[in-house]
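Chains as they are written, first to last, in the numbering used here: chain A, 1 to 355; chain B, 1001 to 1355; chain C, 2001 to 2355; chain D, 3001 to 3355.
A hint or two may mislead.
Said to hold, decoys possible - The list that follows gives simulated cross-link-like pairs (lysine-lysine, DSS-like), each with its CA atoms no further than 27 Å apart:
id: 1; chain 1: D; residue 1: Lys3089; chain 2: A; residue 2: Lys76
id: 2; chain 1: A; residue 1: Lys55; chain 2: A; residue 2: Lys89
id: 3; chain 1: C; residue 1: Lys2055; chain 2: C; residue 2: Lys2076
id: 4; chain 1: C; residue 1: Lys2193; chain 2: C; residue 2: Lys2050
id: 5; chain 1: C; residue 1: Lys2089; chain 2: B; residue 2: Lys1089
id: 6; chain 1: C; residue 1: Lys2089; chain 2: B; residue 2: Lys1076
Derived from the structure by calculation, the hints contain no laboratory data. All figures in this text were calculated on a predicted structure; none of them were measured in a lab.
4 protein chains.
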Amino acid sequence: MAAGSTFGKNFRVTTFGESHGPALGCVIDGCPAGILLSVEDLLPYMDRRKPGQSKFTTARNEDDAPEILSGVFDGKTTGTPIAILIRNKDQRSKDYSDIAEVYRPGHADYTFDRKFGIRDYRGGGRSSGRETAARVAAGAVAARFLEHYGIRAHAYTKSIGPVSMNSFDPDEANDLYLPDHKAYLDASAYLEKLISGGNSAGGVIECIISGVPAGLGDPVFDKLSASLAHAVMSIGAVKGFELGDGFSVCNSTGTENNDPFIPDGNGNITKSSNHAGGILGGISDGSDIIFRCAVKPTASISCPQQTTDRNGNTKELRIKGRHDPVIVPRAVVVVEAMANLTIADALITSRGDRL
Amino acid sequence: MAAGSTFGKNFRVTTFGESHGPALGCVIDGCPAGILLSVEDLLPYMDRRKPGQSKFTTARNEDDAPEILSGVFDGKTTGTPIAILIRNKDQRSKDYSDIAEVYRPGHADYTFDRKFGIRDYRGGGRSSGRETAARVAAGAVAARFLEHYGIRAHAYTKSIGPVSMNSFDPDEANDLYLPDHKAYLDASAYLEKLISGGNSAGGVIECIISGVPAGLGDPVFDKLSASLAHAVMSIGAVKGFELGDGFSVCNSTGTENNDPFIPDGNGNITKSSNHAGGILGGISDGSDIIFRCAVKPTASISCPQQTTDRNGNTKELRIKGRHDPVIVPRAVVVVEAMANLTIADALITSRGDRL
Amino acid sequence: MAAGSTFGKNFRVTTFGESHGPALGCVIDGCPAGILLSVEDLLPYMDRRKPGQSKFTTARNEDDAPEILSGVFDGKTTGTPIAILIRNKDQRSKDYSDIAEVYRPGHADYTFDRKFGIRDYRGGGRSSGRETAARVAAGAVAARFLEHYGIRAHAYTKSIGPVSMNSFDPDEANDLYLPDHKAYLDASAYLEKLISGGNSAGGVIECIISGVPAGLGDPVFDKLSASLAHAVMSIGAVKGFELGDGFSVCNSTGTENNDPFIPDGNGNITKSSNHAGGILGGISDGSDIIFRCAVKPTASISCPQQTTDRNGNTKELRIKGRHDPVIVPRAVVVVEAMANLTIADALITSRGDRL
Amino acid sequence: MAAGSTFGKNFRVTTFGESHGPALGCVIDGCPAGILLSVEDLLPYMDRRKPGQSKFTTARNEDDAPEILSGVFDGKTTGTPIAILIRNKDQRSKDYSDIAEVYRPGHADYTFDRKFGIRDYRGGGRSSGRETAARVAAGAVAARFLEHYGIRAHAYTKSIGPVSMNSFDPDEANDLYLPDHKAYLDASAYLEKLISGGNSAGGVIECIISGVPAGLGDPVFDKLSASLAHAVMSIGAVKGFELGDGFSVCNSTGTENNDPFIPDGNGNITKSSNHAGGILGGISDGSDIIFRCAVKPTASISCPQQTTDRNGNTKELRIKGRHDPVIVPRAVVVVEAMANLTIADALITSRGDRL
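If we strip away everything but chain A, and leave its shape as in the complex, we get (with noise of 0.2 Å):
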């Protein structure tokens, strides 16, 4: 909507908050009640975003401990909006004063300011990947919703920089979140280089969402595909979105490219491949829903840039602190949580579809 601090049009969430400012949050109205929700549910999440965890990720220092200030009572959501704080700890006393009068390249200070003509600058306002929080926590909830359907998204990191995963390993548990042991040797080893550097990288996550009913998603605007790169494409460092065979489709041929119909052996209709990535016209067809998107590498790098100050004066550029190398690992869960946010506002709305 309008002011673009909300997504979803039946499951609605709305997002506040500056990196820096007091606190960060969520309101989620047009959640359905009766769904058992609690603070916990939220933090296997929120840990997964949550800076400080890795030799990869800022060591900002938050503890991302969600209240729940409304919409649930006796464990249970009530069908009211359910509002999640999020106070920011770790609001470090430094000086903000170069990047308030300095525009880092790749980041959004020079648009906010062209924009709005102001901005808090202090750790990228409300551009900081820090906003991504509230995503998370509202995602929690979707997710919560979505189980009572049997629908999951799951994402994981599919390449870093060249390193790209060659095979998925479901055990495979690391702080890159990419499911291969050897790609994430190498990928690994990648990025200290980088980072020795003052450098960062960018990479691919890909999503599966299970469990999707066919008939999800509205045939024009509002295809499920189109939600879905809206969603995905909202999230801060992301620069491209891909479904099913995505890009590739280009050098492919309606023979190859369609996928057959076939009976699934219990009277359904199912089919023999998934070139589609689950989705057909804009309606999920119940198989797999598969897509991928971009991220570009970290803008904020500690090796010196030229840039210029808001009057246009040419200015040379060391950023400190603390910033992530490669922000696909920490963007693995709020892809997911985009995911599932779209999911659950399909899956509501399609209930108006027939009589």
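Could you slot chains B, C and D onto chain A? The hints should help.
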């Protein structure tokens, strides 16, 4: 919004119509008053999308002659809704009983049935590419509005199958909208071979929007990048979207990918490169906005395919009739339309940014 | 939504069209699939609003023959947008130069000019009562949907000028839609006297919505009472809205005004009175919903009036042409339409209330 | 929007919170950047709504001390969401088991149960008048914005029970917000008598919005009158809304009710009367906007009432605790808040009216 046939927040377009129903059309609500507008302004856009103009597009015979029903008086927009009507002319009386009962692979037949329990199967009904005629008419109105601000979207074919553009020749005009004569010849040869085999091709469309002032788009969920992705991914056959360097950022590093700010010599600030594609933190930065999308091979192919009927019985399907062997050339103007609608909406919405 | 020509959140209607433009119409997005619908379902509603049927309504000659352009297949709604077109027929070629330059008191001429800087002055353009033809068509579709749930809105004239209904006779049929024969005769006499003096009258419309299940409407801003008020106050000449006992509650007390809950004898709960008008805390309570609205005297009167032209020069205005001496009878079906649209929207929205 | 806790299209407020939960609050999205704003700006409004200030209001002890969590930096709004938090302090540990099981007449207990299947029964939960604290905070922000345009909403008690204001004394200050000393004394006597009998009273609130420029509001569904009606009817106990002459227009005639346009002597146009209440055709005409609303007698009365429990068994209910014998005085500032929110939204939306 709910039901999904409306795009935009303040410059809003709602489309309606099925491929073989009486008519298609759109209603634009929120178009500012005072813009010179007539049917003649729509025709150049409609003509670029119109079928039957080349060996590479369907032979369906449609005038696509739009009628403006409201919202224009004395040659100017009045601020009230602009309704545009496009009658369907060539509604062939052919027997649709085959596709009424059999699910075409790669199409929305199955998902519409699962969603609504009923569908207008004639020519794909609402999921037909014919729906985009209404978008193109609306996009032309947006373009007229944007002209007043010196904003212009220009889209073209970047690649078809394995054939990619190598250089941009602004004077090159061909029926594939591929502005590189050598690539055009190669793509034509590639397509003719596929046509002879009853097969189809995909490709990539690129769009450059010039003249966009810094400050459009919202910081969080309605980033301009997210709105553009939503807009473009809502076009039928689009499977991927990327902004600026897009998926290739994954292999880049912060030092390479960050665009330095520099003084432009006129007291303003610009960037010395444009890896970002004209959007930083979701807000336009004053550079050209550049994006690409992936278009899948046409799902309607004439060679035999395995599929099922509505009851899950295996069937062999041979699609007859008039189909584009590649959708890319006709989708070029649809991409432009969606770009214009997105920017027009962001432009009006941004008027609320400051006191 | 922004621009204001759309009503509803999930069952959404957008209207378009000016009084003397080529056509009026609406697009309904979000109507569930599977409802039997044809033009014949719309006609009884259209006919009640149609001009020229009585000495108390304008003599303008319009068939008001709606055409359904989309969203219906094999006699049933398909879940896709239902566009309805109503061509204007009697666009008199009279000279509008007088009202082009002179502001009619009680009309929107002045405010449209101040808002948009341009207006289609022919017959009032977009602000004409003729716009309600599109609402009535949309309301008829909503009524068909609500029939499946046993919900029915019934509106009638409660008073005209000083003449009020004393008893309700369901068999009484007259051109004032005033279901009390004695009051009808008195009101007719009152109106004829006003007509002879070139003057006009106002009145009150009452509407009863029966069959509404408990649970529709939202707790805070979108209370069902608020949505109904919005819907009804959006009708041109309406100046007031009240629910249940309405303004007379001000003189009541808690003991009198509270409706006791009682067992209904079938294991359910009902109320022994209905001062509330069927809505408690913004949510329907299962009783009849009862509301009234105040309709002002027709602003178009033929006796001379003092006013100004666009340049602020004083002018004497004598409005010629065809005008209703009282709007109330023709507005009755418009009130019903808005009631049906509101309830249809609330009904679909309420499907998201629970897990 | 869906779920109903958001008001406005471009200046949007979302509220959350239950009467006895941890906190209430709001998020304002779309507030322009550059407005001077601090907690001190909110307090005068909060204090007018705060309980415990008079014998005519509940004795509940709440500071209603708002905290601004986001969207303000260096004392100015930044254009990002403004979240305001109000902690509940006086959550009495009383036993709510009575109203957990028994439906209070005139309250939303029954309808919440029917809608959601669960409700936070403590103090009315989400349907408590306490929810309006969040609206008042949001309204204060809107008021700050409107100050820059010279727009000001002023509401006051017009009548309580049978006692109506006869003259307006701007210097009169009393705890009923009734600006006529004689009427205040009569209303006080009336209320004390009702209090002694455990009964309650209703009344009328009037609001005048001055300084509104011509041109706000949209022509059709989102007429400014309809938006104001929506806003005001969304306040808990309001049962009726009227603009300008309101329901009395029904007894008027066109010659009496039409407001003549006249030159204002400064080259502009004004009206010589204001029966319309400042809105013509749904659009502000530059005159004062004047409306009234009817407030029902407080539903919580201490004298015994017949009702049922959740299982439909007849029960006698005696409501204990702290309740306002009349809601009108505390609702005055809520009406003002809703008026300010509506005008702020219309003002921003109108920026899109022209090229």
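Check each numbered hint from earlier against the structure, then list the numbers of those it violates in ascending order. Result: hint 3 breaks, nothing else.
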